[in-house]
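Following this note's numbering, the numbering of the sequence shown begins with 11 at its first residue and continues without gaps.
Honestly, I wouldn't trust all of these hints.
Result set (BS3-like, lysine-lysine): computed pairs, CA atoms no more than 30 Å apart in a straight line [stated by the list, open to error]:
| id | residue 1 | residue 2 |
| --- | --- | --- |
| 1 | K735 | K266 |
| 2 | K303 | K266 |
| 3 | K209 | K162 |
| 4 | K322 | K266 |
| 5 | K590 | K735 |
| 6 | K266 | K209 |
| 7 | K637 | K322 |
| 8 | K266 | K197 |
| 9 | K303 | K241 |
| 10 | K241 | K322 |
| 11 | K174 | K197 |
| 12 | K322 | K209 |
| 13 | K197 | K303 |
| 14 | K174 | K241 |
| 15 | K162 | K197 |
| 16 | K637 | K303 |
| 17 | K637 | K266 |
| 18 | K241 | K209 |
With beta-carbon atoms standing in for the labels, derived distance ranges [what the hints assert, rightly or not]:
| id | residue 1 | residue 2 | range |
| --- | --- | --- | --- |
| 19 | V700 | C130 | 41 to 49 Å |
| 20 | G445 | N152 | 40 to 48 Å |
| 21 | T429 | P505 | 38 to 46 Å |
| 22 | I553 | G511 | 21 to 29 Å |
| 23 | D409 | M468 | 20 to 28 Å |
| 24 | G552 | N450 | 42 to 50 Å |
In case anyone wonders, no lab produced these hints; they're calculated from the structure. Only a predicted model underlies this, so the values are computations on that prediction, with no experimental measurement involved. Quick reminder that beta carbons are idealized off the backbone N, C-alpha and C, glycines included.
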Amino acid sequence: MMAGKTTSRLRAGPAELAVMASVVLAACGGGSGSPDSPAPAGDASMGGSAGQDGGGGNAGAVPDAGGDATKDVSPDLGSGGSAGSAGSAGGMGGSAGSAGADAGFVLPPSVSCDPQGDACQSLAASPDIHASFRKDYYLPVNEYNEPTPVPKDGGRFHIAALSKVSGDVTGVLLNGQNVDQMLVEPKMEWYHVWPTTLKAGEPVWFAFHSRDPAWDSASSGQIEIQTTAGKAVDGAFAVESTPAPLTYVTTTDDYKTFLVYVRNQGSTAQEVTGLLLNGRDVLAGGVACVPNKQIAPGESTMFTIPLCTPAKPGDPWTVVVTYANAPAAVGVGRVIKSHFMVEAWSAGSDCAFPGATGSTFAAHEAAGFDTQYMYWGNNGACGYDGAQIANTVAPSMGDFFVLVGDNFLGQSNPETAITDTSAVAGFLTGDESDGQVYVNGVPPAAEKAANARQLWSMYPDLPVYNGGKTNKNVGSFAGMTDIQGMDYYVAACAPHITAWGTHPPLRGAYDYLRNMRNNHMPLPTWMYAQGLHGGWNRAVLGIEIHVQPDPQEILVQAMSVVAAGGKGMMWFQTSQLEAKHSAPRWNAISAINWTLRGVGPLLREGDLSGAATVDGKVLVEAIRARKAMVVPIINVDFASAPTDVACAAVATEAMVPHWTLNSIAPTVRVQVPGDLGVADVFEVLDGAVVDSSAPWAVDQRELRFEGVPLSNDTPVRLIVLASSKDLRSEVAAAMAH
11 MMAGKTTSRL RAGPAELAVM ASVVLAACGG GSGSPDSPAP AGDASMGGSA GQDGGGGNAG
71 AVPDAGGDAT KDVSPDLGSG GSAGSAGSAG GMGGSAGSAG ADAGFVLPPS VSCDPQGDAC
131 QSLAASPDIH ASFRKDYYLP VNEYNEPTPV PKDGGRFHIA ALSKVSGDVT GVLLNGQNVD
191 QMLVEPKMEW YHVWPTTLKA GEPVWFAFHS RDPAWDSASS GQIEIQTTAG KAVDGAFAVE
251 STPAPLTYVT TTDDYKTFLV YVRNQGSTAQ EVTGLLLNGR DVLAGGVACV PNKQIAPGES
311 TMFTIPLCTP AKPGDPWTVV VTYANAPAAV GVGRVIKSHF MVEAWSAGSD CAFPGATGST
371 FAAHEAAGFD TQYMYWGNNG ACGYDGAQIA NTVAPSMGDF FVLVGDNFLG QSNPETAITD
431 TSAVAGFLTG DESDGQVYVN GVPPAAEKAA NARQLWSMYP DLPVYNGGKT NKNVGSFAGM
491 TDIQGMDYYV AACAPHITAW GTHPPLRGAY DYLRNMRNNH MPLPTWMYAQ GLHGGWNRAV
551 LGIEIHVQPD PQEILVQAMS VVAAGGKGMM WFQTSQLEAK HSAPRWNAIS AINWTLRGVG
611 PLLREGDLSG AATVDGKVLV EAIRARKAMV VPIINVDFAS APTDVACAAV ATEAMVPHWT
671 LNSIAPTVRV QVPGDLGVAD VFEVLDGAVV DSSAPWAVDQ RELRFEGVPL SNDTPVRLIV
731 LASSKDLRSE VAAAMAH
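Based on the provided sequences and hints, a complete structural model is requested.
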């Protein structure tokens with residue numbers, strides 16, 4: 011990505027249009043990457059390069075954008091006073107003029123939709139098999155030189171259909187071959203079929219990844235899903251990549267509505283002609299809210315639909331968006347628990363569970379953590395039992411959860427071990443599992459996917475997670491579990507997968523996280539941030555040298571999770587020994603945790619829009635949800651930087667190199683979708699709701715924040731553009747402690 015401004019526009023016209031319109035999908039009952047176009051670490055586009063350290067503009071460039079569409083009109087900035095007209099408003103929470111003020115908006119919506127269809131009406135079932143093929147995303151080798159091969163061949167498939175029979179799945183044939191026999195280099199790395207007990211006329215999907223170069227020249231494939239009652243699916247599917255892929259599919263917290271996000275990565279507008287949820291066209295049925303069927307180049311769009319009956323975690327979903335002049339966007343997955351977790355992989359010595367010997371649970375709870383990574387079984391010196399924590403203790407608390415460790419399937423009778431799933435966030439099947447795509451011709455991802463299917467069969471309502479560490483291999487792993495993760499740390503001289511001698515850039519954590527998200531979309535991600543880990547320390551002449559990230563480094567990496575589209579925050583690691591050594595570091599973790607507890611529901615529901623731009627060496631994004639846009643702003647303008655050589659020379663704590671940041675005041679612009687009105691503007695800072703730190707003004711559909719203060723002490727900010735003034739109190743209530 012080139013430094014400088016990259017604009018993302020809501021209004022029609024400029025090539026950079028990157029709008030996020032909103033559509034909610036309602037149903038009854040129930041990307042195309044290029045090896046040479048890695049996911050940009052920053053903007054919501056999926057093309058372009060990762061960008062240089064300290065690069066300006068938003069985190070990535072819209073691939074086909076040209077020029078600068080920023081408005082020349084610059085209304086006066088307010089500082090709390092009233093604005094002059096409906097088209098111009100300003101202030102530190104200033105009031106809007108005329109029509110906007112009458113409706114309680116500083117920026118009223120300009121478009122709306124009112125679907126007239128009944129969510130419970132019977133809609134015609136689509137007989138077609140729909141499929142999308144995407145290439146793997148990766149970062150530029152000259153910027154991130156990791157010892158992994160470039161993923162040029164093959165890619166990932168999502169295939170959606172309706173079952174013709176009712177029965178249990180017994181096998182899947184792909185081009186006439188049993189998929190269990192294809193799990194060898196380079197035929198297939200992993201596969202999934204879901205559900206495994208099918209009902210005639212209900213959705214069934216198949217997903218897989220293959221590095222077989224034959225797929226790059228194929229125009230179609232053949233799939234057969236076999237069951238105890240005969241063939242559920244039998245037919246051809248297209249091998250096509252769409253210029254306007256699905257970027258995220260989820261449900262609202264109450265599971266009563268589906269949210270579907272699409273982004274047009276191409277250079278020409280796309281017209282939506284159909285929107286199928288679970289094989290029924292909810293657009294033709296008048297159920298889906300689609301404010302605009304035209305998706306301009308660079309534009310992001312959100313569709314919404316209220317369901318006839320609420321979905322349940324573990325339910326299958328298939329989404330197909332058809333276009334007038336482009337291949338369809340197809341996505342498949344499982345409904346995931348509606349929980350934005352703030353999780354700690356705590357040091358074993360912390361014993362961070364309620365009732366444990368020497369427990370530090372209270373310290374973690376006070377710091378905003380609501381989830382702990384937990385190995386199953388009897389945990390030795392800490393004196394707690396995993397089964398008791400998961401089945402009794404955590405459910406009784408109501409706001410504490412556990413992420414079950416990757417030793418679970420090795421326990422006796424794992425299928426009956428969990429008797430109450432309400433406080434289980436999910437399962438981990440491995441961490442940093444993507445080091446090699448093949449080992450002696452066998453793909454490790456196949457075993458992880460098999461573990462996921464085994465866990466789904468035992469506990470279908472619980473999601474399965476796996477963590478990654480590479481930018482070039484992760485695309486071959488993304489999709490083997492419900493949720494994908496990633497870690498890449500840029501401070502405290504932490505080990506890095508890229509070549510020694512070139513220290514990770516400050517924005518490296520963001521770039522790796524965002525690249526992983528692009529590979530896993532439209533599915534959710536839980537992302538790591540760098541915490542406090544005693545393993546990074548060194549002993550010199552018998553003296554322990556604490557080599558840990560400072561507060562500004564902690565906050566930059568944590569806010570990178572938000573800007574990269576994370577649906578959960580994971581810390582590696584937490585250590586009360588390190589917290590006692592440096593209270594400011596622990597306080598920084600606590601401050602951002604409580605901030606995320608406040609906006610977490612918006613982040614989990616929303617998706618990256620690319621609708622925010624900035625001048626200077628700053629990363630910025632705009633996460634669009636139904637009720638708000640959340641704008642993370644990250645200072646990457648540094649005065650000093652660590653090097654691998656300096657890290658190697660550390661002999662005292664004073665010698666540990668750190669990123670130190672300059673004080674800057676960039677201008678941030680946010681293009682607001684036409685279907686979203688803005689009634690309130692506020693920040694969430696250090697776990698509290700506060701007024702905007704910068705004066706702002708409205709120009710047509712743009713909110714401009716002039717001189718956002720960033721520094722080494724305050725390296726990140728989080729602005730919320732709320733559709734209701736009630737959201738301020740909702741966010742504050744979620745952070746109460």
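Checking each numbered hint in turn, tell me which of them this model violates, lowest number first.
3, 5, 8, 9, 13 and 20
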